[in-house]
Amino acid sequence: MTSKSTATAAAAAFFGMLVTVFPAAPAGAQASDWKQISKPPLHSFPIPKPRRVALPNGMVIFLLEDRELPLIEAFAVVRAGSRNEPADKVGLAQLFGQSWRTGGTKAKTGDELDDFLEARAAKVETTSDIDSAEIRLSCLKGDFDAVLGVFDDLLRQPAFREDKLAIAKNQLNTGIARRNDNPQGIAEREASKLGFGADSPYGRVPEYATVSSVTQADLAAWHGRYVHPNRLLMAVVGDFDSAAMEAKLRKRFGGWAKGPAADDPPAKQLDKPKPGVYFVAKDDVNQSNIRMVGPGIRRDNPDYFAVEVLNEVFGGGFSARLFSNVRSKKGLAYAVGGGIRSSFDHPGLLRLTLGTKSETTAAGIDALLEEVKNIVDQPPTAEELQKAKEAILNSFIFRFDSKAKILREQTTYEFYGYPADFLDKYRREIEKVTAADVARVAKKYIHKEDLAILVVGKAADFDRPLSSFGTVTPIDITIPQPGSEKKPASSAASPASSPASKDVGKALLAKAIEGLGGAANVAKVKDYRMKGKTTVKTPQGEMALAVTLIAVPPDRLRQEVQAPFGTMTTVVSPAGAYMAGPMGTQDLPGSAREEVSREMKRSAVFLAQHASDPKLTASAAGAEKVGAIDTNVLDLSYEGAETRWYVDPASGHIVRSSYMTAGQAGPGKKVTDYSDFRTVSGVTFAFQHDISVNGEKSQSMTVEDVQLNSAPDASLFEKPKEEKK
Amino acid sequence: MKIRFGRIFRLALPLLCLPLICWGQDLASFEKRITVKKLANGLTVIVCERPVAPVFSFFTHVDAGSAQEEVGQTGLAHMFEHMAFKGTEAVGTTDYAAEKVALEKVEKAFADYEAARRKTIGRDEKEVAEKEMALKAAIAEADKYVVKNAFGEIVEREGGVGMNAFTAQDQTGYFFSMPSNRVELWAYLESDRFIHPVFRDFYKERDVVFEERRMRTDSNPVGRLIEQFLAVAFSAHPYGRPAVGWPSDLKAYSATDAAKFFKRYYIPSNLVVAVVGDVKASEVMPIMEKYFGRIPKAPDPEPLRVSEPKQIAEKEVVLHDPSQPFYIEGYHRPDARDKDDVVYDVIGDLMTSGRTSRLYRSLVRDKKIAANSAGFSGFPGNKYPNLFVFFAVPTPGKTTAEVRDAIRAEIERLKTEDVSDAELAMVKTRAKANLIRQLNNNQGLALQLGTTQALYGDWRELFRQVDRIEKVTKADIRRVANATFVANNRTVARIETRESEPARQEKKS
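Sequence order for the protein chains is A and B.
Everything in the first sequence is counted per my numbering, starting at 21 for the first residue and increasing by one.
Everything in the second sequence is counted per my numbering, starting at 2 for the first residue and increasing by one.
Calculated directly from the structure, the hints in this document are not laboratory data.
All residues carry an ideal CB built from backbone N, CA and C; glycine is no exception.
Do not take every clue at face value.
To be verified - Which bits of chain A does chain B cover? Going by a derived footprint, with three or more residues having C-beta under 8 Å, they are:
# : stretch
1 : 89–98
2 : 188–196
3 : 338–346
4 : 363–377
5 : 638–650
Construct the complete structure from the given sequences, taking the supplied hints into account.
Below is the structure:
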């Protein structure tokens, strides 16, 4: 058509600099010809196999010759890492990792070793990791004997001199001081804490207090406990003769006495992340860092291979869904990716990453969640599967394209107790993976409702508030200062307490129990039922609702609220947590269920009954005026539920309670004022509760009736039946 | 996590300007394994045989970087680098003929929109909004023809790994590795992307580049500091401009602008392609000729005119920030081809390398005021006169003033005392060993060979530098230190911690 050719000519003229400047493609590769370009078969490549030497004392050594350059490299990897640290000395492994080398040996200081090695451009360095510590050497082959001597000396006779421990502490403390400067660092760290648990060996981080508590004796003890020939592997690669090297190492290490057997296998299962929405405020950024974490798998899981293919489709390379959709199509991110990670001897995490400008934070979360949903609902197509498998299999050669890599793989499998031919198995299994396999593992391991969503950023600039994704739990990343009694934020943190305040706290708790009617009467309470009216402030005005609450401490509760639109029933029991209403019955989301569980652990009767339980901590926290009364303040904590009581010193009545709660509109400080105290069967209850949240009045409840020990039927705590419509 | 591409070397790592060593035996053995050829169109090919495993790596060095950009168009070199992954006329489109037309419409819509948006007098908001809608519609239309990430996908399916690229002030580099039976496929793809690039998805990719800027610079305290530091240290020379580009420039340039940059600078005489691995020169050279020989010859671009005038006044940048303190000071020095280049390398090594270095022993070990401190040059590039920088990371409670004084004390020692024989010997030994350690890695070798060939015109400089380092004397070090590290040649930048304050409201545009 004329107009089209005119348009084309015009386009060509306008776009001249791009198109017409180059001549037409010469004979040779044309449009789709790239598929015709010849690919001769890859010539066969015998993968060299390291020689494995097992000494009678349990030490295993791998040797692999590499004559290309006149270098020798070696390492010894020890089974001990940060996951083995005691909780009050987090950071010990890192300090060990540094001081092992810098602290020198019995015979030579670290500085002397530095001079000796640098003069030969040789290196002996030490590091530590979550599950291992390592000492490495690198030198010109002519210097090997001398450098091996240093290596051995450090391996078996380290001194951990104080002055170098001090420098190592400076390094760690500098890291702590700077850990909130970059939003990516915050996101990675807090995501790991959410994924594994803030106090878990895989999530916890060093603090000033834990670093300062590490002594030279601790390091020596660590070394004494873990560095034994039967707890480590050694590997050597480079320009040497294997037989001669074996003889040399046997001679040197053969006489090293075996140590005690390992007695601390790592936990194979870990707690799952607590799903929910989490927020870290960081205002000096214009980009949000979003992470989503969920449970991952171990590498010995038979699903591992299908998961690897799934990861390639989902978050692997250029054609992966995350990159292609969130970055290339939507332009929402530069950095985006993720997958189901697997560790060798413990579960990894499902981990998703996204960085997007503050103004598209919610859009970014939407986009990620859409991909999470789609990978299950629209599992990888045959074409996606093909691309992924080709990418993995065609690049397989890069797993063993250097001697050093081959050696590393072998030592890794040996370290974790995997078969030496695991790589071969991997290849075979990847080839077998089908579309059905990938769909199955997507469904099995990717669940939106299991994800903990973390956002680090500047809330004021977000396109939508984070609460639109669910109840938001703020994370306080304030770095606990050295010397402060505030423990790092964690669900198990207990209120600041000194021995003195603990004694006063115990006495105060005793007083409050007296106010409740005395320990004997309180102990008799097996269950209680409360009926009353609660006036709730709503946007539509004040509503008066009838409420019935039945509680069987510690873990069963049923609450019925009669609202104008129908009755809302909430049930919590070990078997499950539900909410039923005119619209039907649904499971209570994890976060809500936890909140109810915490509420139960805050009830006065419950806490009073657990006064002697070691899990209960009680500390006095000064005095405060509530209304006309000069109350004594008592901080209580039980299994992650913290409460503050304001106790009337005269009567022992708890006239006020306060705690942080994760409410529907977000976290808030809930304060309840109690009055109208009456005794029922020897136990004192407040018949008037006035509640405010974040300083604003929210509810007031008038109790009409309390009954104790009515033995409620078990069926009351089962899943409410759906109302017939 | 993997950063896909568009890496910008902001802090020139010592790796790139490493003391490059000559070790007699190695040069001889490499002479046998390396073949260099300049094709008829001016493109230089280097093939290095290293048949350790059936794989190869390559590095394409383009002798043009952000220093070539014009004022008002910073970020263009980097933008083109992103475009180089968008495919060609053959790869990445469902119908190039139709797409071409649609892309031309996008350019027109963008030009209209920009004209309305940038009006200072008589700007009509309604018109701006309408033009923006029209632009979005044109983009959506062109998008219909796009097969996302086709180029990268082909490479990955064929077993390619480590696919990435970077844009620096001096150069742009492209690299990845492949199984060795894909050499011809690679040659086709790599050459075609520089013959028939298509600037598809340009405006979408700009959003991606903006996110990259936010990640590396805006939301990163040291990133913010370095950007300001360079802008102040260089008054005239393009080294003062960020490679990722100023935000207003990023918003304003078009695919047409990027195409002009490409046309001017991506010419064969500016390209060095190094291939290292399980390849035989006799087999690979003909393939290289066949594919890279297609790139049409073009006139050399005009070399950079501007030189940074001699600095006559000390300059300082202070960033008041909620983050921890940080200190950096820089001094102007000549480019990499200067006869004293090796002396600067020796000074850098002496100050920085390992626990025996001057800065470690003073600031970290003895005074305990820093967790880390280093001095090195080639910042932000080394093709043109650049900076020798010293930086330090103070330990908690220590100040920038303390680390500054300690650094100055070490500089003073360099000027007034000879270095010891032992120290000088250590530097020279280290230089040899460092080179050897780099030789058993295909990708690293390809990068070193390509870069060295481009900078010096001869890859052998990689080895000859060791001979030059051998000849450096104590007097050289003192002479160069005294000439360079003087107050009126210095730019200081520091982060000082302050409590958070409400951010200044920025005009959102």
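Against the structure, the hints come out as follows:
no., hint, in the structure
1, 89–98, "holds (count 3)"
2, 188–196, "holds (count 6)"
3, 338–346, "holds (count 4)"
4, 363–377, "holds (count 4)"
5, 638–650, "violated (count 0)"
Consistency note: the structure conflicts with earlier hint 5 alone.
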